[in-house]
Structure formats: C-alpha cells, structure tokens
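> Residue numbers (UniProt numbering), protein chains in the order written: chain R, 1 to 284; chain V, 1 to 284; chain Y, 1 to 284.
Derived by calculation from the structure, the hints in this document are not laboratory data. Warning: the hint list may mix true and false statements.
The list makes no distinction among identical chains, and a pair is therefore deemed to hold if it is satisfied within one copy or across any two copies.
[As the list claims (entries may be wrong)] When the alpha-carbon atoms are kept at most 25 Å apart in a straight line, the in silico SDA-like pairs for lysine to any residue are as follows: (1) K199 with K217; (2) K202 with P43; (3) K202 with D152; (4) K212 with Q270; (5) K68 with F162; (6) K42 with T87; (7) K134 with F210; (8) K272 with T231; (9) K199 with P240; (10) K272 with G147; (11) K96 with T173; (12) K272 with L191; (13) K217 with T269; (14) K212 with R283; (15) K68 with G242; (16) K272 with A192.
Residue strings, one per chain:
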Amino acid sequence: MKWIQKSIVMTMTLAIFSLLVLQPWNQPYAAAAVKSNGVSEKPLTFVLVHGAWADASFWDETATELRKLGHTVYAPEYAGHGGDTQTNVTHEQITKSVVDFINQKNLGDIVLLAHSFGGSVIQKVAEQVPNRIKRLVFLDAFVPLDGQSVADQFPAPMLQAFEQLRAASGNDTIMLPFSLFRNNFVNTASLAEAQALYKKVKPEPAGPSFQKLDLKKFYSLDIPKSYLYLTEDTVLPQGPYGFHPTQSSHLGQFRYIEGTGDHMTNFHTQPKMIAEKIVMAGRD
Amino acid sequence: MKWIQKSIVMTMTLAIFSLLVLQPWNQPYAAAAVKSNGVSEKPLTFVLVHGAWADASFWDETATELRKLGHTVYAPEYAGHGGDTQTNVTHEQITKSVVDFINQKNLGDIVLLAHSFGGSVIQKVAEQVPNRIKRLVFLDAFVPLDGQSVADQFPAPMLQAFEQLRAASGNDTIMLPFSLFRNNFVNTASLAEAQALYKKVKPEPAGPSFQKLDLKKFYSLDIPKSYLYLTEDTVLPQGPYGFHPTQSSHLGQFRYIEGTGDHMTNFHTQPKMIAEKIVMAGRD
Amino acid sequence: MKWIQKSIVMTMTLAIFSLLVLQPWNQPYAAAAVKSNGVSEKPLTFVLVHGAWADASFWDETATELRKLGHTVYAPEYAGHGGDTQTNVTHEQITKSVVDFINQKNLGDIVLLAHSFGGSVIQKVAEQVPNRIKRLVFLDAFVPLDGQSVADQFPAPMLQAFEQLRAASGNDTIMLPFSLFRNNFVNTASLAEAQALYKKVKPEPAGPSFQKLDLKKFYSLDIPKSYLYLTEDTVLPQGPYGFHPTQSSHLGQFRYIEGTGDHMTNFHTQPKMIAEKIVMAGRD
C-alpha cells in the first residue's frame, strides 16, 4: 500500500510527536466563539479552491452558509477559469493564482480547502505558503503522490475516455458529455437540476491534469489534514480507485468526515449540510 | 480488474460518444411532470423483477408508493415462482416469462429494474428486447460477467453452504434456514418482522442460479444503467465480493444511488424511501 | 482471504445446520415485550465491555438509554483500568475480570458486547463461559484470528507509532497524543467535546494488545455474532485494515448493523442512537 511508504510513516510519527510538543489546542481562542449545530466554534478563515469544469462561483451557496455560521470565506479564481478563457494554462499558473491571492490579502491561519482537481492545487500551494495554513481539507479531491499527475489517479477506462475527448477537442481541452456529467458527476440530481448545473460546465484545459507533479515538499510538511467524503461520489468509481479510502490514504494521518451526496449536486441543493460538514472537517 | 476489460472500455467510450450525438435530454417531455421530493419528474414506466426466495408480491408496497408518485408499475411473475410450483425451471424459462410479459403488454420506454437474482434475469431480457428499455436498474442485484453464473458471484463459504442445502433438498431446491435469513437477509428487522417475512420464503429452484450465462450481447448493449445499493445488505458479504462496488463494477459506466437498508426488510417497512431511491436511479 | 479458511467454512456450515435443528426463534418469549423504535422487543441482558484508553464509565450514557428501553445492563471494570492502576496486567487477567463478574452474578442468556480492544476480551470470555452467552456483539472492535494479537490488526505506520509511544513511556504504557485522539478517535466531535473526552484518557497498559492469543476454541464456538459498525470510525484506517469489512470478516457468518459516528464521540453525544443500534445488533 502507498501509505505504508517509509516517508509517510516518518511524517505520521513526526506529526504525532511535534503535536505533542506544540499542543495547539492549548492556545487561547483568537476570537469570540460562533455557533454551529448548537456547539460553540472558533471562527475560521476558509479559502475554497474549486475543481475542474467549474469556476469560483461553484462555492457561492456554500460560502453564504459558512458566513451565516460566523466564518470568513474566500473563493479565489484561478488561471484558465472564470473570466480567463485561455486554454493552455499550466498547473504552475493555477497554483500561482491561489498563492498570489493569499499573499496579496496577507491571509494567515487559514483553512485551505479544495474540491476535486483542486486537491492537487492546494498540495502545491501548501508547499509555497505553509506558514499561512492551519489545516488542509480535501473534499472529494485528488491527492496525487509525489511524481504523479491527477490523471494518474484515473482507472484505465476513464483515462482512455478523457484522452479521446482531449484529442477530439482541437484546443487541448476536455468537455464533459452530458450523459457522463449527469450519471457520474450529478447522479443524485433530478434531470432538471442536472440540466441547470450543466449550463455552467465549460471545456476544461486538459494540460494541468496530465502534468506530473513534484510533491516531495508537500509530503514533508506537517500541516494537519482532513478528508471530507460524500458517499455517492462516483467521479472516481468507488472501490480500488475511489476518493475514499484510496485518494484519502495518500495523506497518511488525517481527520475523516463523511457526508452524503455526489460530486457536484449538493453544493447547490444542500449547501447548509455541506457547510456544516466543512466546519467539522476544518475546525481545530 | 474485470472492468478494465477492453469490451467495457469500448462500451463506455461508445456510450459517451453516442450520447453526445443522441442528446436524449433535449427531447421534449412525453407527459406532464409529476412530483417527487418536491421536484418535478417525468412519469416513468417501471417493470420490477423480483429475486430468489420471493415472488411478485415482494413489490406490493413499493409499487403502491411508486404509483402514488405518478409512475406506472408492472411486477411480472416468472416461471417456478408465485403460483407456478415446478422446481426444475431453467434461467431461459424465467427470462421468457419476463420477455413475454413485456411483449404481450407491448411496453416501451421502460425502466427495467431487478432485485438480487433478478439482475441476471434482466441482463438476458435486455438482450431480447433492448429497444423497449430506456434504462436498466440493478438493486442489490447480481451482475454476472459473460460466461458466469449467479453462483459464481458467491464467496466460497456461501457457495459451499448453498451446495449442501441444495444436495440435502431432494428436489434440487435451496431453502433458507431461518437463522441465515434473519441474520443476513433481514438483519435490520425486528425478530417479529423477520418471522413475518420468513413465512413468505419458499424453497428456491436451484438450477437457474448455477447456470453459466452467455452475456456477450448484454455487454455490447449501450442501454443506460443504474445501480441502487442499500448499505446494510450482507447477502453478499461486504468487501471483495459485495454487491457494491464489486457486482456494480461489472456494469462499466453506471449511475450510482445509495440507500440504507438490508436485502429484504425495507421494501416492506420503508417502501416510500425505497420508491424515492428507485425514482432517483430510474429517472432520465 | 482469511474468511475462506476451512475452519470458518465449517463453523458457518455447522451453524446453519445446528440452527435449523434448534430453531431458537420458536421458543416462547421469556419475558414481557418492551418497546424499541415502536417495535415490541424481548428484554435483553447486556454485558458491555469497554476498550483501551477507557474504563467502565465509558458506557454510562449508553447504559442509561438501554435501561430506558427496558433492558438490563452490566458494565464490568477489568484489571488495569478504572480504580486499578497497575500497568503490568495481562490479557488473561483482563479476561478473568469479566468472567468472574459474569460468574459471580450468575448471569445467563446474556448479550456480551465489546468496543474496540474489548473485542479480543470477549473472544476469550466466550471460550470460558460459552453457555452463558446468547449472542456476541462486536462494536468497532478488534477480532484477532487464532494466534494473533490486537496489535497484529494495525497497519504498519500505526504499529510503529504505538511501539514508539510504548518505548518512550518508561512504564510499558501507551498514552494517546491529543492530536491523534482528536483527529482519529473523536474526529466528528467539536474541539470542546474532544477536550472534555480527552480528560478521561489515561495511559493504557501496552502488554495485552501485543499478546498473541490462542483463539482455537473461540473459532469452534457456534454462538451467534453481530458486528455493529460506525461509518466514520478511523482508529483503524478505512480500507484494507478497517474494522468493517476486514475485522468483521474474521467472524465468518454474522449479523451486520451500521450506524454513523466515530470511535468514541457518539457514545456520549448520541447515546440514544447508539443504544438503538445496540438493540438491533443484540436482539434475537
């Protein structure tokens, strides 16, 4: 198993002992407590990083609910998405968008959360601004191992289908066919919901998902990590290639939180539930 | 993995591209919308195929709930079950019962759904009347690969136990001992519920579950498929032999819907929940 | 797979046939029915065995809820825990504490339930007083195979971390660092709940978890068994080493019941839910 790798063993062991010494839970609260599910919670600063076939508006409803709970929320846009229509962006450019956003706003003590493809982005962001991050949260997100790409996480049929869609695009993008989107990305949605959500899907720059990533530094960091998994997500087929426990296991030691839902529907139809789960994953 | 097989890759790729062209979601609704969970839904025509140790009355409560939601429901009986007490039926005869039912009623655009052993039945039915079927739904159902039997899906201890029960029957049937039924088929039921449900269990003709099935045509069809999984079902022990993700993965690309419950209880104690999940699995 | 082992096949087959003959479900109710979830239930006698880093008070809230449902509940303390501060206890002494408790109170027809490390304890208790037990319930519990220790169930990084904590203790105990407890034992708790629960955690005698156990007799017993699994438990990382289906599969045939929650939180924050699931796991 990947997580038996020596480096992860070392990371876990180091993490346990360093936390024994640091005891961050003894630090006084930095701000007044807020309420979530009737429980007093410390206000958090979230930076939410979207995935592929989406833009920063993906987080609109979830951010509203998180703010209602008393938290501060940022949802930066990144290269090749939202208003930026260039299709030949690189993983480095995408990472830079998020790093620059965090630096320019001079954010610290943040909970950096990513969905889907964004998992690989926050891995690289964490390498550049580790001291600004108090916890990383992966939400049905890819967690490539050192030297891997996001596409390396796909099972063979999915990889082949995406490679064919990429080759057929003419501009190195991948557009999701509606049937794939409807059945595997928003499987729990009604047809009307699926059609409405599909209107926001644009061709995704293919390059960044196929770039091999040097993640040696990421796997040496001891930032606390959480994995939030929605149990009906089938973008990665459940089983040996699934988001949990396969992608999540790459993290070594992590806090696990479970919700119901598929890859994209519930952020828009049940944002309160998503926000509450995000708080459970992100809090100290 | 079985699902990496070339034929499935081809099927998936073909399915994606054919759906890109066909775009069935752009077709106008054929009928007035009905309501489900507050969401407008197109009325569907369900044909429900029961499993072993059951008859068509298995669907009574679920069919009632589906009809309340505005859908049309048929639950055909098949050879060797219900009023037909012969025990030496074949898989072909069972398939013919369902095919004949569909043809005689001249049903089209149907959602063909099966429970348990019925999964292998709708695989063969789909080969004979593919043009009458808009979607196949497997509900905690067996999905043998080409050349396999239903019994080939059993782990070794279960196979041996069933072979011994079959040999001891004297008439080539398998009767479920109460303790096995109570603990593995209706594990979430109260004892009183389990006893009531057990009264309907009759010896099951053994032959059809052990027949090797030619399923080449099934695996060449591009009918959309869904798998509905109830998370406490332990008729197949969860893990490497479980209904999901093992049996479900045989389908290649499919829509996944999850509910709670065991193999047989909730159809009778929570039919509204089951009906709502069936609609989520069956709708366009 | 471990559960394909011949001995388990034999056990399962024997269990099926012996239950066919014994038909315990035909025995008249021994006492007036009680209500649970609106369903009439026979009153049960529970003996609850706690796990590591806990004492008998772990069960306080759950026992209260079970008694409200009409059941009788005992929660024996065992050697090296609660008031007994010796750290060099053996697995045999712990087992003897529970056996003596059951014998001295002359309890019979009991549902013997264990949490976590306690799973290995009730395996050995069952070997000594099999005739007093009507059902064994394992609740996110370890189920070592014959010749194994509890520590043999740990994945390598967890084993190494515990071995280092043990070596560093100076008195052959293992103390859970707060971060490990908070993120992997009470992952769904708020920080305040985690801090409150952590106050009860004391260094655990290390020896018993590393003792290899002769479990030949346990695996020859045909006492009915249940496994109750809380789906957010990550004390054992989910996947190939998880409580379910890996530890549970060691039991061979068993009744499966599923709840939500992590390893330690919900016993204190949702004891009614836990009690209802325990009844579902423990009833006839």
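> Output the numbers, in ascending order, of every earlier hint that fails for this structure.
Going through the list in order, the structure violates hints 1, 2, 4, 5, 6, 7, 9, 10, 13, 14 and 15 and respects the others.
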